Amino acid sequence: MLTAKRMTVEDLASAYRVMMLSRRFDEWLGELNHRGTPVPHYHSGVGQEALMVAAVTPLRRTDQMIYTHRGYGHLLAKGISLREIALDLFMKAGGTNHGLGGVMHVNRPDLGVPGREGVFGGRFAIAAGLALAAKLDGRDEVTVCFYGEAAGARGNLYEALNMVVLWNLPVIYVAENNGWSFSSRTEWLYPEGRMSRVWRGFEIPVEVIDGNDAEEVFATVSRAVARARAGEGPSVIEALTYRLEPHIWRDKAAYQPPDEIASWRRRDPIARAARRLLELGMNQNEIDSIACWAEDEVERTIAAVEAAPDATWEDGRHQMEV
Amino acid sequence: MTSTRLTGREALNRVLASELAVNRRAVVMGETVRLAGSSGVLHGLYDRFGPSQVIETPVSENGIFGAALGLALAGFRPIVEIYSADFLLVVANEIIGDMCKWRQQQARPGPMPIVIRGCMGPNAKGGLGPEHSQSMEPYFHHAPGLVIVTPGTPRDMAGLLRASLRSPDPVLFFEHRRVYDLADEIPDDESFIIELGRAEVVREGKDVTLVAWGWMRSEAEIASSVLDAEGISVELIDPRTIAPMDHEAIRRSVARTAQLVVAEEAPRTGGVGAEVLARAVESAARPIRVARVSMPDAIHPYSASMERLFIPNANTIADAVRRLVSSARSAPPVLAR
Ligand SMILES: Cc1ncc(C[n+]2csc(CCOP(=O)(O)OP(=O)(O)O)c2C)c(N)n1
Numbered sequence: 000m001l002t003a004k005r006m007t008v009e010d011l012a013s014a015y016r017v018m019m020l021s022r023r024f025d026e027w028l029g030e031l032n033h034r035g036t037p038v039p040h041y042h043s044g045v046g047q048e049a050l051m052v053a054a055v056t057p058l059r060r061t062d063q064m065i066y067t068h069r070g071y072g073h074l075l076a077k078g079i080s081l082r083e084i085a086l087d088l089f090m091k092a093g094g095t096n097h098g099l100g101g102v103m104h105v106n107r108p109d110l111g112v113p114g115r116e117g118v119f120g121g122r123f124a125i126a127a128g129l130a131l132a133a134k135l136d137g138r139d140e141v142t143v144c145f146y147g148e149a150a151g152a153r154g155n156l157y158e159a160l161n162m163v164v165l166w167n168l169p170v171i172y173v174a175e176n177n178g179w180s181f182s183s184r185t186e187w188l189y190p191e192g193r194m195s196r197v198w199r200g201f202e203i204p205v206e207v208i209d210g211n212d213a214e215e216v217f218a219t220v221s222r223a224v225a226r227a228r229a230g231e232g233p234s235v236i237e238a239l240t241y242r243l244e245p246h247i248w249r250d251k252a253a254y255q256p257p258d259e260i261a262s263w264r265r266r267d268p269i270a271r272a273a274r275r276l277l278e279l280g281m282n283q284n285e286i287d288s289i290a291c292w293a294e295d296e297v298e299r300t301i302a303a304v305e306a307a308p309d310a311t312w313e314d315g316r317h318q319m320e321v
Numbered sequence: 000m001t002s003t004r005l006t007g008r009e010a011l012n013r014v015l016a017s018e019l020a021v022n023r024r025a026v027v028m029g030e031t032v033r034l035a036g037s038s039g040v041l042h043g044l045y046d047r048f049g050p051s052q053v054i055e056t057p058v059s060e061n062g063i064f065g066a067a068l069g070l071a072l073a074g075f076r077p078i079v080e081i082y083s084a085d086f087l088l089v090v091a092n093e094i095i096g097d098m099c100k101w102r103q104q105q106a107r108p109g110p111m112p113i114v115i116r117g118c119m120g121p122n123a124k125g126g127l128g129p130e131h132s133q134s135m136e137p138y139f140h141h142a143p144g145l146v147i148v149t150p151g152t153p154r155d156m157a158g159l160l161r162a163s164l165r166s167p168d169p170v171l172f173f174e175h176r177r178v179y180d181l182a183d184e185i186p187d188d189e190s191f192i193i194e195l196g197r198a199e200v201v202r203e204g205k206d207v208t209l210v211a212w213g214w215m216r217s218e219a220e221i222a223s224s225v226l227d228a229e230g231i232s233v234e235l236i237d238p239r240t241i242a243p244m245d246h247e248a249i250r251r252s253v254a255r256t257a258q259l260v261v262a263e264e265a266p267r268t269g270g271v272g273a274e275v276l277a278r279a280v281e282s283a284a285r286p287i288r289v290a291r292v293s294m295p296d297a298i299h300p301y302s303a304s305m306e307r308l309f310i311p312n313a314n315t316i317a318d319a320v321r322r323l324v325s326s327a328r329s330a331p332p333v334l335a336r
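Top to bottom, those sequences are chains A and B. The opening residue of the first sequence carries number 0 in numbering that gives the first Met the number 0; numbering runs sequentially from there. The opening residue of the second sequence carries number 0 in numbering that gives the first Met the number 0; numbering runs sequentially from there.
None of these hints come from the bench; they were simulated from the model. The model shown is predicted, which means the values in this text are computed figures rather than measured ones. Misleading hints may appear alongside valid ones.
Stated by the list, open to error - Residues from chain B shown here face chain A by an in silico Cβ test under 8 Å; the list is partial:
#1 S59
#2 G69
#3 A73
#4 F75
#5 Q103
Note that CB positions come from ideal geometry on N, CA and C, so glycine has one too.
This is chain A alone, in the form it adopts within the complex (with noise of 0.2 Å):
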């Protein structure tokens, strides 16, 4: 068993300015909304910071990641700017897919980020190819396929599971159990809503771990992607979180009991990591600069793709031809 790399303090940090910075973002995105600016495509990654971000922070820029659609910490900690995703969130031309694609397609192979399928199911199997192609030309590289409640619901994970332990591929797969699937709680779509029960049936690694604690997160999947590397094959973790925003830009989640997210609220990762920082010897005013870091870099950011050139049909395709 490798032993679990923890975070150091300046791990922690980097993590918390990324979570810090997916979450100002995100506020920002429901606000407008909520003013009744239809976002498009804007699911909210609020209270899932934690499970994004340190779980792709142990990555390496080589290393491959699938990401879901909701949330921006996922392509934010591998290192893909928030201007990047603005300007594929509102259509603008420059970004990563010139409108073609838009925040549901924000894509970098340079950093590991081959793109998103939107048919929720075919992740498994191309994370497995993925991980396949690295396995043959003999690299070290591991792939990372985050996964929700209805892509977990599909018989492909099968398909691909059987393939991923069959053939001892480097891969990670991370159920974001959230406890919805839009209007849908997990208890209604897995038994005892766990996500990762049907993966106990092969004999590797799967975890269940609390997706808040970005530590905990940092941990298992450090040691997911160690044992990958060494050629020890595919694990799986499952964490736990909860969507404390409505699942889509046009949803009012009426459905969501306000007590229920009060409590999760008290579990927000974004303060228990100030908290552990504090613990940790940084000083409240360090943290607080990173909020307003963080605060700044979202306005900037959102005053300069507001000031860019919607995306044509035109550029698309040029981007295409080159």
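Fit chain B with the ligand to the supplied structure of chain A, relying on the hints for placement.
Coordinates of chain B with the ligand only, in the frame set by chain A:
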């Protein structure tokens, strides 16, 4: 230039072997590929190239096709065998939803070099049943972004497979079970290639244009000879690829004959033939007369003798041409059966 007489199966095997030999990142994957694949095309490849280039998979089509996409994204050239083309419906989303759309949605213009190949259609005995006999090209020709290849001869199998292995776009390569057993002189030259999207004028003629591909090309050749003896001169065109379809070659021929018959093995409604006729009518400078020969809108009967009544053949094709040529100008287009 030297050539060797090969069956369709052997011709395909040779092209695949030469690709695997020159490209370490070309991988064949699919069910039973370690032995020879579902129709014997892959014979000997595992022994020669080993498990890192000939990857035996479980019967997990979604898994295989998704993994092929992942491999392609990582710079590999996956060559995926589907056990029978019918089963592509299982992975319609991996093909149409993911492989075709990936590059545009991520705005990445690089190649998506996936070749999907497998056997299709009834064999000579027939009776494989409706789940192993369908012509699949109509289901997929509606999807933008796919290349669809339907070789009608072993020579075309070789030349078009080599072109498919150079294609930057995902390719569906449909190997008709009856074409496997034909034999042809195939150039030994490893650069022998037939460009995708170019029709072949199989036979020149002046009275009527006949379009047929896959196994129907062979039936249409017989029909053309019979008609020729009766004094009807047929220009037979094999488009060879369904996408891109060489509508221009058909237009040029129809500009002279003003009569067009399409023979296709699939059911009529929404078929490839419908599109060929529509384009020909749209692009013709003067009125033309058109007809289709196809399978009726029905499910393949399981029994071989019943099935034979459904699939177009040289006789039904010749009948359709005769009716078109002899009927009065005011008559509606001839519909076979
Ligand atoms: C195959 C397929 N079915 C349905 C959908 C529609 N869909 C979009 S989002 C969503 C719910 C997603 O829930 P979950 O996976 O739990 O992720 P979360 O939104 O909670 O992060 C669904 C069903 C889809 N994209 N693909």
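Right, here's what the structure says about each hint:
With its C-beta approaching chain A no nearer than about 4 Å, B:S59 sits inside the 8 Å limit, and its interface hint holds. With its C-beta approaching chain A no nearer than about 2 Å, B:G69 sits inside the 8 Å limit, and its interface hint holds. The beta carbon of B:A73 comes within 3 Å of a beta carbon in chain A, closer than 8 Å, and the hint placing it at the interface holds. At about 6 Å, the closest approach between the beta carbon of B:F75 and any beta carbon in chain A falls short of 8 Å, and the interface hint on this residue holds.
Annotation: B:Q103 was flagged as interfacial toward chain A, and the flag holds, the nearest CB pair being 5 Å apart, inside 8 Å.
Consistency note: the structure conflicts with none of the earlier hints.
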